[in-house]
Amino acid sequence: MLAIDNLAKHFDAVEDRPLFATVSMRLAPGESVAIMGESGVGKSTLLNCIAGLEGVDGGRVQLGDRDLTALDEDAFARLRRRDFGFVFQAFHLLPHLTLAQNVALPLWLLDRDAVEADERARAMLARVGLDRRADDWPRHLSGGEMQRVAIARALVHAPRLVLCDEPTGNLDPGRALGVLELLFEGIRGAGAMGIMVTHSRQAAAFADRVLRLTSQGLVDAAEPS
Amino acid sequence: MPRLRVLGWRPDPILWHLFLASLWRRRLATLLSILAIALGVALGLAVQLIHAEALNEFGRGMRVLSGEADLQVVGPQAGFDEALYLRLAQRPEIAEASPLLEIEARLPGRERNLRILGVDLFRLARVTPTLLPVAAVEDETQATSGAETPALAAPTARQDFRLQPLQEGVLFLSPAAASQLGLTSGEQLAVQSGLGQAILTIAGQVPGAGRGQALAVMDIAAAQRTFGQIGRLSRIDLRLAPGVDREGLRRDLAVELPPGVSLHTPTEAQSELEGLSRAYRVNLTMLAAIALLTGAFLVFSAQWLAVVRRRQEFALVRALGLDRAGLRRGLLGEGALLGLVGGVVGVALAHGLTGLAFRLLGADLGAGYFRGLTPTLSFQPGLVLAYLGLGVAAGTAGAWLPAREATRMVTARGLRAGDEAEAYHARPRWGLALGLLTAAALLCGLPPLAGLPIGGYLAVLLLVVGAVLLLPGITPLVLRPLPGRSSTLWRLARARLAAAPGQAVVAGAGIVASVALAVSMAIMVNSFRVSLGAWLTQMLPAGLYVRAAPAGTSGYLDAAAVARLAALPGVQGIRPIRYETLRLGAGGEAMTLIARPIGAEAPLPLVAGSLEAGISYRHVDPAPHRFPPAWITEAVADRLGLGVGAPLDLPLGGRMQRFLVAGIWRDYARQQGAVAIEIATYRHLTGDEGVNDLGLFLDASTDPQALMPVIRDLLGKAVTEMILPGELRGMILAIFDRTFLVTYLMEAVAVMIGLFGISTSFAALATSRRKELGILRHLGLLRRQVAHLLALEAGLTALIGVLVGLVTGGAMALILIKVINPQSFHWSMEVQWPWGLLLLFSLAMILLSALAAALAGRQAMRQEAVLAVREDW
Ligand SMILES: Nc1ncnc2c1ncn2[C@@H]1O[C@H](COP(=O)(O)OP(=O)(O)OP(=O)(O)O)[C@@H](O)[C@H]1O
Ligand SMILES: [Mg+2]
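Each protein sequence line maps, in turn, to chains F and V.
Take the first sequence: its position 85, counting from 1, is numbered 85 in the working numbering, and each next residue is one higher.
Converting from the second sequence to the working numbering requires adding 1000 to each position, the first position being numbered 1.
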């Protein structure tokens, strides 16, 4: 269960008013939500704040019974390696690791046995249909394939919360659908919670709920803005 | 990518794949960092090894020579009366006393002297048995009929010579001496005594003498007769009766000993020599430390660039949950691995270098402290571990700032492309830099600690670090006055450097360190060489020098010989010089006494005081109520804490004679120190008319070369050495250059490291700025123009680095000349700036940097397609 209450973020450099100040949201285990909104409204920043990649200026984020906003940087990092999964628009695969090694990375961080990590990574790659390329390098893949590897990496350690920032932003609509199917199958199959930022209604439809981020906070996307 | 699976050990995959393996991906930069560290470690360790070996060998030698002696009574070179031996031998506290006469015998027709010990066999056997001679056995020698084999010898067994009284005219050689001289038993050896010559027969060996100890043993009475030292001893080895307190006895005996004779424990002689060579070793070690520092800076540059390039990668793993400690550990691990590999290579290199140096230069790197030693190399685990540790420390230190930068990155920002510029926004660190420089200045004022200029060394280190920290602040200051409106490239280059002053630090740190090292050495060596040249001119004014033998040997010219030389046609004047060994101060350190004419027309290279007082002692006997003047070298002034006007008691003619210090002079020849007095005073006090060196002032029409055969005929061919000052000067400067060969080597290495450093830095920069350069090319810049742009940036960076390096090097040179050398060598010198050389060097450095960067840029652009997906630097 994820609970966000009145989360606030302020970039001094940009404006004198906060980017957002009253973001609140509840997410039940197994539930997924899509967040839409205009460019520059702060969707990526919101995800970063939830993940602790960026400091917050007010409000609270709770995962289960833990108050994430109270964690220091390193405690947050250790929490992330266990409970968080990420899918980025720019894929962020490490160029000098094989696909299997890229997927095994979260398990390495969790100090899992290397052989076991390798086996699980290969199994995960099989689930996204890339098991035959497990020892290949990222630079040989298409964008869609890269994002499938990234999805495998986001799910391999069975996280409680998967954060996706425009996962299909760099893909053509045909490929995007395949990737989204894999992503949400994976999230639901693991019973994890998912938050996906997207500009595409079609993509948003994969989630259980669709929200819109405005300067007033998160509102139901169905409501007129 | 290499996989590392050694003996089932599997490294942490994060540490291996994310960090250490990256070293392999940027092989060139890694190789360079390793090389720089290896050189620093190698030079430092080699200097240590060479001296450790030489001292070891010397220590072994001392143990052989002094055997089981508890105390040694040591006299001046002229020796002391053997009556002292009889007195000491009767004391109840002394169990055994073994008298020795030590002669540095000159061997006519040979270059080396031979150290001959006259011994009393029966006493020797009880105190210093290692020196016992063994006669050659009949059937083992291919000896001629004259072989002195004991009649009692069994046919096969080696014979203990105690059974056979030593015969007149026989000599026993240590194995090292035998092989040096190329003599075997039965052969004959000529030795010089005064102006005469004696023939000794080799009768056997001294097998107990240590490896590498070149010496000979003969009967003491025979030695006294042969070398004209009847009734004289130079040393008595004492073994104390059980239960006698050594220090107590030492105090009791000290008051009874005649002037100039002192008491030592056998180890003290070793530490005396150790102290001498230590200063030299420490100077070289200092240079090695700076080389190691340069290595650390190079690691810093390479790591910084690598960290910047991997910014997104680190942001990703931070997002995936790597904590800051993990990131820091990984990056410091990279540095430590570089340092470890560099250390291992350096240790191997050091052993190779040492072996080579032993063969080429001898045990003291050509400086002349350990004569007659042939050391061999041995492995010293403690020392090796310490230097490995230093290598690891240098690597880790170099990686520390980049690691700190990486852990400070805001993860969310690092994930976005284009964040690299963040890493070059170095703040000027005026406060820290000026603080370090001030601390350096204060440290220069500290007195030496345990004879070592520790303050000076720390000052040099702080100076280099402080100078590097000045770079981000100085860069805009240097750029501002440069004309700004010329070409587009020029403007682009300036804008880039002004906006990213951190780049100047990253690329310039290596330059500053290596330029400073090279410049300071150039200034120091140049100053020293010029001062030495001037000193030699002042010390060798005569046209020709006739030398009976070098100081400390058995030959001298007597009054008759001097008179005959002075009467030669073409000789206008003479300057006689007499050398003697003195033991002064609390520890009884050996110093040289130089008796010669002193005055305005026979000057000394004074640094304090005056020559005036000398003249009044030239022809008149010193008045009883006035003390005669003495001129001491800087080493004596420092070691005994004496200034002009201070009283100085010298043991002369068997009693203490008080002198007044009239001046302090500079002496590059005798590091242990020397005291010069007017020769008339010396003769008056000692009655010794002997002369070691005689300078002949010739009239303009006399050719010294032509005079040499005349003198040879006059004095006998085999016994005299003649020196043309011009030749001697050349020879001394050649020795000087050989001594500083190591230094020149380091200078070349420093320059190479600096150049390699900047070229790899700029290659890495060009690679990491592929996008930016790509955009410039889209905007219409030609490939050639991009190369020019990079060359311009590199040239400007090098200019700044070289400027800072020059100033830093100048300051370092001043510290070396004004603080470190006077404190460790007791040498002063005039500062000489080799302007031409420095200018040439700076220009070359800047141009080569620009060239290297242009080439690197071209390379980066050519590989554009490949490098877009693969890191290569
Ligand atoms: N580090 C920063 N410093 C200052 N301002 C920032 C920083 N990061 C983001 N911003 C600003 O915050 C605002 C929100 O940025 P954010 O990236 O969250 O938008 P977004 O909603 O994800 O937009 P898009 O849909 O285009 O991705 C933008 O106006 C951006 O300029
Ligand atoms: Mg965004």
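If you are wondering where the hints come from, they were derived from the structure by calculation, not from laboratory data.
Heads up, some of the hints might be wrong.
Claimed, not checked - Examples of chain V residues toward chain F, derived with CB under 10 Å: (1) D1012; (2) S1022; (3) L1028; (4) L1031; (5) D1245; (6) E1247; (7) L1249; (8) A1315; (9) R1324; (10) A1325; (11) G1326; (12) R1329; (13) V1751; (14) M1752; (15) L1851.
Note that beta-carbon positions come from the ideal geometry of N, C-alpha and C, so glycine has one too.
Structure-based check of each hint:
Given the 10 Å rule on beta carbons, the hint for V/D1012 holds: about 8 Å separates it from the nearest Cβ of chain F. This hint holds: V/S1022 has a C-beta 8 Å from the nearest C-beta of chain F, less than the 10 Å allowed. For V/L1028, the shortest C-beta to C-beta distance to chain F is roughly 17 Å, which exceeds 10 Å, and the interface hint is violated. With a least beta-carbon distance of about 19 Å to chain F, the hint placing V/L1031 at the interface is violated under the 10 Å criterion.
Among the interface hints, the one on V/D1245 is violated; its C-beta lies about 64 Å from the nearest C-beta in chain F, farther than the 10 Å criterion. This hint is violated: V/E1247 has a C-beta 61 Å from the nearest C-beta of chain F, more than the 10 Å allowed. Look at V/L1249: its Cβ only gets to about 68 Å from chain F, farther than 10 Å, so that hint breaks. Look at V/A1315: its Cβ gets to within about 8 Å of chain F, closer than 10 Å, so that hint holds up.
Given the 10 Å rule on beta carbons, the hint for V/R1324 holds: about 6 Å separates it from the nearest Cβ of chain F. Because the closest C-beta pair between V/A1325 and chain F is about 7 Å apart, less than 10 Å, the hint holds. The restraint placing V/G1326 at the interface with chain F holds, with a minimum CB-CB distance near 8 Å, inside the 10 Å limit. Violation of the interface hint for V/R1329 is found here, the shortest Cβ-Cβ separation to chain F being roughly 12 Å, above the 10 Å cut-off.
Because the beta carbon of V/V1751 sits about 34 Å from the nearest beta carbon in chain F, more than 10 Å, this interface hint is broken. Violation of the interface hint for V/M1752 is found here, the shortest Cβ-Cβ separation to chain F being roughly 30 Å, above the 10 Å cut-off. Among the interface hints, the one on V/L1851 is violated; its C-beta lies about 31 Å from the nearest C-beta in chain F, farther than the 10 Å criterion.
Going down the numbered hints, you'll see the structure goes against 3, 4, 5, 6, 7, 12, 13, 14 and 15, while the others check out.
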